[in-house]
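Top to bottom, those sequences are chains A and B. Using our numbering, read the first sequence as starting at 1 and increasing by one per residue. Using our numbering, read the second sequence as starting at 1 and increasing by one per residue.
Any given hint could turn out to be false.
What the hints assert, rightly or not - Here are the computed lysine to any residue pairs in the SDA-like style, where the Cα-Cα straight-line distance is at most 20 Å:
(1) B/Lys60 x B/Gln79
(2) A/Lys19 x B/Ala258
(3) B/Lys249 x A/Asn23
Worth flagging that the hints you see were computed from the coordinates, not collected in a lab.
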Amino acid sequence: MLVLYNCKGADVNGYEMLKSVMNAGKLKFVVLYLSDNEINTGGDTFIATFLAKNPILATLDVTRNELNDDDAGAIAIVLRRNSELRTLNISRNNLTNEGWEALGKAVFDKTSLNSAADSNHTCNIDFPDDDDYDDVRQINGDISSDKYLDPDYVRQKKIYKVLSDRNRNRSNVEHFDEDMQVELLPDMLQLIEEYSNYHIVEIGEEEVTPPQDTQDIEPLSIMFEILQRWDKSLAVFEAFGSQSSVR
Amino acid sequence: MSSSNNTKKRRVGGDTPAVETDNNNNELIAIKSSIDELVHQNRTQNDNIANMLQLMKGMKDDMKGMQSEMKDMRGEIAQLRKKCDKSSADIISRFDGMENKQKHHDVLLKNQKWEYSAPGLTVSYLDSIGVDQRDEVEDLLRQIQKYTEEMRYGTSDGDITLDINEVEYNEELLPHWKEFANALEQYKYDLKFSPKDNKSILQLVGMELSDEVVDLLSEALKSTHFRHVLLQDNNFGEKGAGFALDYLKGNDKCEEFAFRDNVMGTQNVEELCRIIPLQHPSKC
């Protein structure tokens, strides 16, 4: 662990110091604190490039520097490919909502089920206390207690959260591909049931239960929505009805 | 009649067709016999070859078995070598541990008669500093004496933390720093002897460290290797940073190095980057 907190001398550029230290310790440091060193990238993307290589670094603290939205955006892009970084402290820089939203999307992109599944599931970021970031602040764990969650659990939780959110405004069916076959319906309903149990994780022979989101919708509600609103599901009932009448 | 004549003619002639046939038959029998002989020989040869092939296959299998045994034996030898190396490292480590334990006990015995002997602060010095600063200075000296005695008497838990709120350096503090530095120097046996899960922390927070004190600490800490080191707000300039980095370079046990609110110059950063790759990955 290396902590260099407010130690930039008059003849030292904070960003150059960061680059030198990161380059020298890319295979060494698990924890790196570089707070309060007037780090200003000037548009350079060294930090993002460094993180993209998925080094062993687990904690990076760059609070109280001069990083901006562009830096946050660049970091957000590479975070999706980084599974080693568990904590990123980047508050008290020059980030606006734009930068924080980019980071928020990196850890939970709700645009689609695929984007939610492909988000970063390992990194805790010190998001601002605003309500806007409630959904992402503790999605990968609790930064204040250094509590980390199992990435598979987080991934399933995010997928189910997207399904739950869509169910609230009855929009799950709108996101279905037009070519989607009705034969997939049983699998789909089974997956919804499975994803709803994301909080029951089996580790070896033991079954553990991490916290379940209190905002979760019951799986039955999502299933009902799909059966009710997807026009193709009618075929299933018709087929079922005709079989019954034959009997 | 004609037929008997014909018979006669044949007999008279000597080389009659009947004789020719017999000869031919004999030749055929001989050829057949030769062929049979050759076939037999061929079969025998084939049998021999098959036997040899079988024999070679058996030998090949034996070789394979032997090779496999050799491989297993090599593996066993490698494992035994590893065990030997481990045992020898373990013995050396235990021996070092016993040596350190012995030295630690010797130091403790010696320290039974030791007493903290740094003089108290003069009234003129105390009068010259404000009330707030006086409290901080007195607090610093209390902490220095406490940790010095703990290190000397072997009652320290491995956490040496001097933490105060900004004390400026004065010559009157030097004897106390000397006591502290001497105790740190002989504390090395304690650190080496103590179990790995014990605390091993050196924190100097909030006090100004003059060049003289930096030199004292630098000398004292040469062999006293803490796993966690924090230097904060020491106002010791680049020389102090140089001391910290020298300590980091010589300390192969350091897992956490924290440098806060202290100035680092370009040369210090370059030095730090030279040191970092030398540190063991697991220590960082």
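Verification of the supplied hints:
This hinted pair does not check out: B/Lys60 and B/Gln79 have alpha carbons roughly 28 Å apart, beyond 20 Å. Simply put, A/Lys19 and B/Ala258 have alpha-carbon atoms about 18 Å apart, close enough for the 20 Å limit, and the pair holds. As the CA atoms of B/Lys249 and A/Asn23 are separated by approximately 18 Å, the hinted pair is consistent with the 20 Å bound.
The structure fails hint 1 only (numbered hints given earlier).
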